[in-house]
Every structure is written in structure tokens, then in C-alpha cells.
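Participant: Residue-level listing of the chains:
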Amino acid sequence: MAGRQLTVFWLAVAAYLAMVVGIGLWSYRRTRGEEGFLVAGRSLGPVIGGATLMANQVSAGATIGIVGFHYYSGFSYAWSWPLTWIGWMVCALFVAPKIRRHQGFTLPDFFAARYESRAARAIAAVFILVAYSVMLSAQYQAGGLLFALVSGISYARAVVLVAVITTAYTMLGGMYGNAYVGLLKAVLLLAGYVLAVPFLWRQMGGLHALGVALNALDPRLTANWFGWRQLMAISGAIGLGLAAAPYEISAIYSMQSRRATQLAIGWSFFFQAFIGIGVLVFGLSMRVAVPHLPDPDLATPLLGTSILPFGIGLLVLLAAVVTFTRTGGAILLTAASAVSHDLYGKLLNPGASDRGKVRAGRIAVVLFSALPVVLAFAHLSLVNFIVIYAAKLMVSFLFVPVVIGLNWKGGTRDGALAAMLGGLATCVTWSLIARPLFIGLDPAEAGVLVSGALFLAVSRLTPPVREETVKLFFG
Amino acid sequence: MRVARTRSPASDSGPVVKFRQFFASPASLALLSFVAGERSAAAQDVFPSREVRIEIAIGADQSASVREQYALTRPLQAIDSGSHSGSPADATTFEFLSLPCSIVGPVTASINGRTTTVRADAQTRAPWVSLTVPPALTAVDTGVWRLQYDVRFAGATPAVPIAMPSATLARAEASRGADVAIDVTFPDQRPAARILIPQLHRTGAANRWTGRFLAIPSSVRAEWPENGAAACDAAIAGSAGGLLWRFAIFAGTMVTWVPLYLWWFGRKRWPDAS
Chain A
1366 MAGRQLTVFW LAVAAYLAMV VGIGLWSYRR TRGEEGFLVA GRSLGPVIGG
1416 ATLMANQVSA GATIGIVGFH YYSGFSYAWS WPLTWIGWMV CALFVAPKIR
1466 RHQGFTLPDF FAARYESRAA RAIAAVFILV AYSVMLSAQY QAGGLLFALV
1516 SGISYARAVV LVAVITTAYT MLGGMYGNAY VGLLKAVLLL AGYVLAVPFL
1566 WRQMGGLHAL GVALNALDPR LTANWFGWRQ LMAISGAIGL GLAAAPYEIS
1616 AIYSMQSRRA TQLAIGWSFF FQAFIGIGVL VFGLSMRVAV PHLPDPDLAT
1666 PLLGTSILPF GIGLLVLLAA VVTFTRTGGA ILLTAASAVS HDLYGKLLNP
1716 GASDRGKVRA GRIAVVLFSA LPVVLAFAHL SLVNFIVIYA AKLMVSFLFV
1766 PVVIGLNWKG GTRDGALAAM LGGLATCVTW SLIARPLFIG LDPAEAGVLV
1816 SGALFLAVSR LTPPVREETV KLFFG
Chain B
-2 MRVARTRSPA SDSGPVVKFR QFFASPASLA LLSFVAGERS AAAQDVFPSR
48 EVRIEIAIGA DQSASVREQY ALTRPLQAID SGSHSGSPAD ATTFEFLSLP
98 CSIVGPVTAS INGRTTTVRA DAQTRAPWVS LTVPPALTAV DTGVWRLQYD
148 VRFAGATPAV PIAMPSATLA RAEASRGADV AIDVTFPDQR PAARILIPQL
198 HRTGAANRWT GRFLAIPSSV RAEWPENGAA ACDAAIAGSA GGLLWRFAIF
248 AGTMVTWVPL YLWWFGRKRW PDAS
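Same order as they appear, the protein sequences are chains A and B.
Quick note, the numbering used here runs 1365 ahead of the 1-based positions in the first sequence.
Position 178, counted from 1, in the second sequence is what the numbering used here calls 175; the numbers after and before it change by one each time, with no gaps.
These are calculated hints, taken from the structure and not from any lab test.
Bear in mind the structure is a predicted one, so any value in this text is a computation, not a measurement.
Watch out, some of these pointers could steer you wrong.
What the hints assert, rightly or not - Computed footprint of chain B on chain A; a stretch qualifies when at least three of its residues, placed anywhere within it, have a C-beta under 8 Å from a C-beta of chain B:
#, region
1, 1485 to 1498
2, 1580 to 1593
3, 1631 to 1638
Backbone N, C-alpha and C fix where the C-beta goes; we use that ideal spot for every residue, glycine too.
With the rest of the complex left out, here is chain B:
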């Protein structure tokens, strides 16, 4: 697929470059100005859409249908062949976070009437699933890029993974980010059904929730007690990279140090000058 030059968040994109440059040269306003200039240069690494509409229709049968539309601001361009993800030039441009109690079905992509099924790679960066669109669908013109897929839930709290470009969206005019509209509908008006995360608001129709964002959230999580499904306790599989023990040592240090300090200085009697 020919798309805008995209890089994974972990790659050497804008803010990473700023980190490195900061440590290389942190202490003059001139250098800070240089960093600011680098920020402008890095801002070109974006997916060329600043207007996104995502519609999620939750069904009564423990499923949801997701429709995404990206209004392209310019033709999609060839990806940088030196991609840091190691992907070939015509490869991955979308991704979603796979959740343990939600199964995402085949993803189809379309632009200007041409449609194809997207190849999903769930192994390389699990639990992130990379979506590769065949080069045949590469758009050379502008238009509305569409993604469509179904999700099946295994629990009473439906969580819908949202596929998104693996790059920052273009900024809408006079805004700090893009204009992303998310619209969720439940199958009927059940008062206890609600969206937990992100923050969406119930509209006039009691079964419809909407919200606007400056970037795409990785999932929409709902609470729907009346749907009769049992809770899903499945945990996400994979390595946490040592985060748990690092967090435990960090939090333990902080929590232990405070009473130790107060005890030590509380027991000492210092002569007061005032």
C-alpha cells in the first residue's frame, strides 16, 4: 500500500529526535529554538487525514460492527523504505490493540469504490495487530478511506478495539490535533448501558453516545449489564517486559521511604534557632 511516510511510535520520529537532541544540547535558548525547528520538520510524518469518523453499532448478539472513514487531505505517498518497523515499503499502515475478550473479524478497506480484505499480522507485535493493505488498493488520488470490521465479545463489558493509522493524524485547522468523531449505538434503549472509556456523551436518543477527540483512542469500552453475558476474566497474554517488578520496587521505595524518614527525623531533637 502506498501511504504517507509513517513510523511506529517507538521509532526515531519527531519527539524521539527531540529527546536525543535535548541530551545532546540542552542548555541554550538557541538550541531550544533548534529543537523547536526539528519539531516542525518532524510534523510531516503524519497520516494525511485530519477528519475521521468512527461509527460503532453494538448488536444484541454480543457483537459490534465498526465503520471508519478518513477524509484524505492529499494522495497517499510511498512509505519510507527505511522503515524502523522493518516492514517493506508497501506494508503496514494500520494497527489495533487486540483485547482478550474481543475477537476482531476480517478487516476490509476501500477507497473510491475499490475494496479489499486487509491482511492482519497478529504475531509480530502482539497484542498489537498490524494491518497490511495490498498495493493494488493504493490510492493515487484523494477521497475517503474506509475501514470496516466486526467484533465479537465474550463478556458483559464489551470492548471494541479501534483500528487506526500507525502514525499521527494531520492537525485540523486551529486545533492541537485532528477532528475524530466517535459515535456508538446500543441495539435499544437500555438505561444501564453506558460507555466507560473514553468519555462519550449520551445524545438525545438514549441508546446513542458520541464524542470528539484529537487522536484516535485504541478502544471503546462499554458496560451493558442487561445483555446477560457472563463476565470475561481472560487476561492478555505476553511479556510485560519487567514492568511489574520495576513498578513494585519503585512504588515500594516511595511508600517505605516516607514513614522511615518521618520516624528518623521525628525522633531526633534538633536545637531550634527561632
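Pulled out of the complex, with its shape left as it was, chain A reads as follows:
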């Protein structure tokens, strides 16, 4: 982009940021202490809640990374959307109703309450910081690619700019701001995709013409580049990871009620359906429109800047900007709450005031924002690879102690600790073996299986939690 168009792009980004600041200031006035900052005063209804859940999940990994995946591997990765929804069903049936009984703020709160363990809280908080550094670096990398391509500034400067924007707006509003920016994100994504998909569809000659061109390039592009086994492994990691993801748990804590939470999951499906179809059409169309891109992750930025007409392209670019800043914000907020609420407020300084914890949270946002910048500079891999990698770590660490722990009374503190650490260690070890599906298992699957076995075995051998604790979660 150059000249007047570049000016319009930056004005649009500035207008978005102004809206975010407006939402932030409005939220700031509504924010009453820690409950307001971290869980939006538990006020979110189904639609805004659904937009929040979608906005957390649909990161730059989708709007930039999955478009790049479709660009390179064709259709088959699309199945990851409905397969991932299995994880959301697990959340709707086995996580959301139970976890809303507990009036916590963060996932480590849940660990502390369910397993009566300060150690579990601390380990979970530290893990969140590590895993989310990786996840946040994917957002910065995607944003850096987009800003660098659009404006011509260097990639490093673009990454820093993305980090500054994300940090600034997260500090302003906490979860209130995040929730309403989530709705803004949903509106922008829908508007951009509703305009861009039919245009591309028509200009590329329809689905049949796309299929013929792709099939001639490589038959796997229209069929099964990824086999079902690979798709199940990826979707299992992402979907089941989402069922226990810290930022989604925080969002669930922000809902008005259990019913609102379950309906919100349905509304998030509505938003995801649009986006899933949109990113698929984007990726396939770009493969035919520009067959030899130097980097698949450039498919979305190039689509917005050079392929679509300016107005529609601007919407697609803006939707991507909102995506990586908003998901980055959710990650920052979750990491900040792990520091301010769990490590500082509960472990280091239990007497801290609400005001002090909110201040600590805002400081944590700034500090935590810096580490992923370094990872993004390294440009380790494709954006979606990084997202999947972080998801595999999370599901290995969190799934069993959260989902099984919410549905089996026999889980104990030691069982949870063994499950978390054993699952994570297995996943990492399995990966280092460097063989696909070693003894038939993906690293995340191996991690979850070992985590589950340890949870059951160790819980059987160690003292149970108190009766009051069991009543809190099991009635």
C-alpha cells in the first residue's frame, strides 16, 4: 500500500484504537476492583459471551495462520473446525456447568479450590506464563507480517508496534474492554468476510473452477493433504485444550450464569462457522490467484493489500488487526491475572488490596508483553504451527486435572500435580523423539493418556480432599 490508501489504512487502525480506548475508558468507569477487571463483574450474556469465546479462540492463528495452511495444504484442514467443536461440547457439558458453581477469577483459582493446593496454583500460574508466551508470539508475528507488508516498515518495528497496541488496550479495560472489543471483532470479521467471500468466489469462477485448478496443482489440495489421524490429533489438542484453556475459563467466569455460558458456546459456533468458511475460501482462492507466495502466512496480508478491491481489502486487513490485538489482549489479561491475582495476590502478598492487585495486573501486562516480542523476532515457524504447538502443551498439562477433576470426586492434590507435570513432560519427551505418531500416538495424545493414568493412580494412593471442597463442585 502507498499514498492515500496507506493513510486510509492507518486512519482506520487509529479509528479502531480510538474505539478501543473509548470502550476501555467506559469499561474503566464500570470496573469495580478485581472482579470487574478480571471477570467483567460476571455480567456477560449469551451473545457478547459468545463473541468473547470466539474472539479468544479465533486468533491470528486463524485469520492469518489457517489461511496460510489452506493456501499450502488445501481443503482438508477445514475439518479441524467441526472436530474442534467436540472440545467445545466437552466444555458445554462437562466444564462450564461445573466451573460456574465456583466463583473464581482464574484457572489457578480453580486448582487452588478444587485441590486445596497452593502448589497447584503456583505451578498452573507459571505454566500459563510459559505457554502463553509462545501463543502470544504467534499473534505478534502475524501482526508484524501484516503491518510490515502494508506499510513497508521493517518486520522488527512492526512487531514492536503490534505489541504496543495490544498492551495499551489491554491495560485500559481488562475483561470488560476485552468482551466488548470481542463483539467489535465479531462484527468486523463478519462484515469483511461477508463481502470478501462472494467477491472472491465470483472472480475465481466459483468452487468448481477453483477445484479444477487446485486439483491440477496437486490432488491432495482438494482431498486429504492431512489424513484423519493427523486431523484428529491436531483438533483434539486444540479442541480439548480449549475446554480447559485459561482464557476461556476466565471468559466462562465472566458469564452471567451457567445457562448463559452454554448458549454463549452456541453463539461462538455461529461466529466460527462464518470464519471457518471464510478462511477456507481465502486460502484456496489465494493459492490459485497467486500460486508462488514466498511465505504462506502472507496470503491474508496480500489478499487485503493487493488482490481484493481496496474497500473490501481494508475490512479484511482491519479484521486481522482486530484479531491479533484482541486475542493478544486476552492472552495478556490471562497472563497478567496469573501474576497479579495468583502469584502476587494469593501467594506473595495475600493481604494486597483490590486496587493493589489491579495495579499489579497492569504492570504485569506491560512486563509480560515483552518476552513474546523476542520470540516473534526469531520468526520460528508458520503462525499456525506455533499456535498448535502451544495447544499441545496446554492440553497435556491442563485437560485431565480440569475436565476429569471437575467430574470425578476422587481427584486429589497429589494426583493433580502428578497429572499436570507428567502430562507436560510426556508431551515434550514424545516430541523430542521426533517421529510422527510414535507407537501410534501424537505427543498431545500421549501427554493426555499419561496425565490421566497418573491422575487416577496417584489419586487412589493419596489422601482425598475435604468433604466441603467436594460439595463445592459436586453439590
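Please build the complex by placing chain B on the supplied structure of chain A, with the hints as guidance.
Facilitator: Only chain B this time, still in chain A's reference frame:
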């Protein structure tokens, strides 16, 4: 033709290798660093030009003339004999997407004053047409590689296929890709004539459109209502490889699941804790 080692996008070039390695070893930063290293190694599989100029002159007689120039950054080298497309070592290095309402005429290639007609294979990978330049034209020195061809249209929305190297272009300095300039001129100043895709901008002269890209688009599609031609409804022929029914099942699943879910959970009454 002796050219840079090129591979089709479907072959085991850089990002494909990364996919495989990712699934082989996804979960450590050390391995991600390894993947990043592989990316650098794979970056050598490029066509040695980072500066491309494409001029399209649309004529009043339902035709267009296309001129392409590639400034070579180094001599063209022998293609890898283990080419994944199955082509011999001196074979295909360019390709274009054949469109149903546009007929591409003979393609000529030239470098440093030597010119030849390029052999086109429209069968092997239809609708992609592979262009094979005879080894006699192989350049051992640098210079400006040129392609030239004419296109005839059968409809009111001219679509011009663009021939391109079947490999990624070299990256321009401080850029994420190459510097590709595309310039389209209509025969005279007709206000309704415009470029639909990719995004080009009208310049001072109302009949001229330009744009810059980091890779070569497969076609330029224009709208030119005043040219008097009837619409061309011809569809591209060939197998879509099952994409249509797969897409229908995928989209159908997504669209059906949402109301089903909302209906199911909307009718149930869950006791609220809060």
C-alpha cells in the same frame, strides 16, 4: 532450458518439508529452531529474479498483448534432475492458468537478443499450461529474460492469464517478496473500464492502471462494458477432485450444527448457581 532449481508448489519444497517436520517433532523450541533453519535452506529454491515488470496492453479488437521482463540476479542454473514434476532436467520452468474465455497465443522467450518460441503443454496439468523453453536458449550469463504473448478474449470481462516461473521469485532487499510491477492499458479512455482483480490503481492517464506485488498473480481480470462483447459463460473443464461435495458436507455441518445446538441447550433448564 537451464534454470534455477525449481519445484512445483505441490512438491517437497520448503513449506512442505516444514509441515512434515512439524508433525515429526512439534513440541520444543529447539525443534522449532530446527524448522526455522530448514526454512532458510529451502529459500534457495527460487527463480533468480527479484524485479519483474509485466505490461498488458488491451486492444480494441478483443485481444491483449503481454510483455514480461525478469531482471536476472544470477545465471540460470541446471534444474534438479530429480524434479518432482517428472520433467526432464531441461524442462518446464514457466506456467500459466488457462482460462475458459481467454485464448493464449504462442509464447516467445528471449534473452540478450536470442529469441525462440516456447513449447506449451496444455494437457499434463490442465488447466495449468506448462511452458518449456528449448535448451538452446539457456542463458549462461545474467540479463533480462523476456516473455511475450497475445491473448484473445471471448467475453466482455477480459481475463488475461499471466505466465510465471513455476517457482518462488527471489526476495527484493528489505522486502517479504519480489518487486513485481504490473501495468495495464486500455485502448482509449473509457470511464467504465476497470480492473477487477488484482488491486490496480488508475494513474494520471485514465486508461492506464498500475500496481506492485510481491509475487506474480495468475491473471488480471478487467471489466469493460463498452466493448460490445457478449458475456462468456464457458466453464473451466476438468475434475475438481471432490472439492464440491467435500465443501458441501463441511459447510452443511457447520450451518446445521449451530441452530441444533442453540435449540438443544435453549430448551433445557439448567439450575443456576449465580
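Participant: With reference to the structure, classify each hint as holding or not holding.
Facilitator: The hints, checked one at a time:
Taking a C-beta to C-beta cut-off of 8 Å, the region 1485 to 1498 of chain A contributes 0 residues in contact with chain B, too few for the three needed, and the coverage statement is violated. Chain B is given as covering the region 1580 to 1593 of chain A, and this holds because 9 residues of the stretch bring a CB closer than 8 Å to a CB of that chain, at least three being needed. Figure legend: the region 1631 to 1638 of chain A, annotated as covered by chain B; annotation consistent (6 residues with Cβ-Cβ distances under 8 Å, at least 3 required).
Of the numbered hints given earlier, the model fails hint 1 alone.
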